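Chains as they are written, first to last, in our numbering: chain G, 1 to 155; chain Z, 1 to 105.
Worth flagging that the hints you see were computed from the coordinates, not collected in a lab.
Check each hint, because a few of them may be wrong.
[To be verified] Calculated pairs, DSS-like style, for lysine-lysine (alpha carbon to alpha carbon, straight line, at most 27 Å):
no., chain 1, residue 1, chain 2, residue 2
1, G, Lys7, Z, Lys60
2, G, Lys93, G, Lys7
3, G, Lys52, Z, Lys78
[Claimed, not checked] Example chain G residues on the side facing chain Z (calculated, C-beta under 7 Å, incomplete):
no., residue
4, Ile25
5, Ile96
6, Gly110
[What the hints assert, rightly or not] Derived list of chain Z stretches under chain G, where covered just means 3 residues or more per stretch with a C-beta under 8 Å from a C-beta of chain G:
no., segment
7, 5-11
8, 44-58
9, 83-95
Quick caveat: nothing in here was measured; it's all calculated off a predicted structure.
Using N, Cα and C, we set each Cβ at its ideal position, and we do this for glycine too.
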Amino acid sequence: MTDTIEKVSIIVSKGSLEGIYPALIMANGARAEGMEANLFFTFFGLDAVHKKHHEHIKISTVGNPGLHVPTLLGGLPGVSTAMTHYMNHKMEKLDIPSIPEFVEMIADTGAGMYACKASVDLFGLEKNDFIDQIQDIITVGEFYEMAAGGPIIFT
Amino acid sequence: MTTATFAGTPVDTNDEGFFTDPDQWTEAMAPELARDADIDELTDRHWQVIRFMRQEYFDKGTGPTVRILGKSSGVSVKELYQLFPKAPAKTAARIAGIPKPRGCI
Chain G
1 MTDTIEKVSI
11 IVSKGSLEGI
21 YPALIMANGA
31 RAEGMEANLF
41 FTFFGLDAVH
51 KKHHEHIKIS
61 TVGNPGLHVP
71 TLLGGLPGVS
81 TAMTHYMNHK
91 MEKLDIPSIP
101 EFVEMIADTG
111 AGMYACKASV
121 DLFGLEKNDF
131 IDQIQDIITV
141 GEFYEMAAGG
151 PIIFT
Chain Z
1 MTTATFAGTP
11 VDTNDEGFFT
21 DPDQWTEAMA
31 PELARDADID
41 ELTDRHWQVI
51 RFMRQEYFDK
61 GTGPTVRILG
71 KSSGVSVKEL
81 YQLFPKAPAK
91 TAARIAGIPK
101 PRGCI
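Turn these sequences into a full structure, and let the hints steer you where they fit.
Okay, structure coming up:
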């Protein structure tokens, strides 16, 4: 019998498109393979589950060498929005769900979704600011308890 | 590759229990395959998914992922996880006699 992973805990700390999608793909993939999966949203990663922001997640066009857009150009008004449109269009063609749809689907697979208490306090938010799929606002200690026994992935 | 027997007929499967030749599968094998996956009884809803799995496999060359099943099979993601606990696409593929679905989303 080869080794198997029974549970993964994925921390989403970034609020950019390229920061959020990999985490969602890994959580969804874990559930598809029959693993338990929990997502923890912290710092700017909270935008992925914030009612007002989750439909407006953008790709970073500044300080992102992999995008091959010069930083000065990437900083011009509208460039991030245009690149995001382009990327969303490409993903739609591949039938990759939007972030709000993807998060809802992952919750439907039975994955847990939690917001980080320190970040929620820092930004002056409350549970009501988040989509219904967020089950609870938890502390770092509670996170470690929940993550015990499985790998932790930080994105 | 190993040989397993379902409904009295020997079939070829891989190490993970997926059929390597979907043409060897018959509907009569499904209840036995389901019991191996701890599903006692196949309902109409299960069959809807199983038939969709095979249809997609023969149309596209690979079985559908959970996302595709949820979108197109007529069974929601939530219900898929109830019908085929743990890993719906993998379990349904085993019962439907097709190889493991490949796809990241």
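Evaluation of the provided hints:
1. For the suggested pair Lys7 of chain G and Lys60 of chain Z, the alpha carbons sit about 31 Å apart, so the restraint of at most 27 Å is broken.
2. Using a Cα cut-off of 27 Å, the hinted pair Lys93 of chain G and Lys7 of chain G is violated, with the two alpha carbons roughly 31 Å apart.
3. With a C-alpha separation of about 25 Å, the suggested pairing of Lys52 of chain G with Lys78 of chain Z holds against the 27 Å cut-off.
4. The interface hint given for Ile25 of chain G is met, as the beta carbon of that residue sits about 6 Å from the closest beta carbon of chain Z, less than 7 Å.
5. A hinted interface residue such as Ile96 of chain G counts as satisfied when its beta carbon comes closer than 7 Å to some beta carbon of chain Z; here the least separation is about 6 Å, so the hint holds.
6. This hint holds: Gly110 of chain G has a C-beta 6 Å from the nearest C-beta of chain Z, less than the 7 Å allowed.
7. Beta-carbon proximity to chain G at under 8 Å applies to 0 residues in the segment 5-11 of chain Z; the threshold of 3 is not reached and the given coverage is violated.
8. Figure legend: the segment 44-58 of chain Z, annotated as covered by chain G; annotation inconsistent (0 residues with Cβ-Cβ distances under 8 Å, at least 3 required).
9. Taking a C-beta to C-beta cut-off of 8 Å, the segment 83-95 of chain Z contributes 5 residues in contact with chain G, enough for the three needed, and the coverage statement holds.
Comparing the model with each earlier hint shows violations of hints 1, 2, 7, 8; every other hint is respected.
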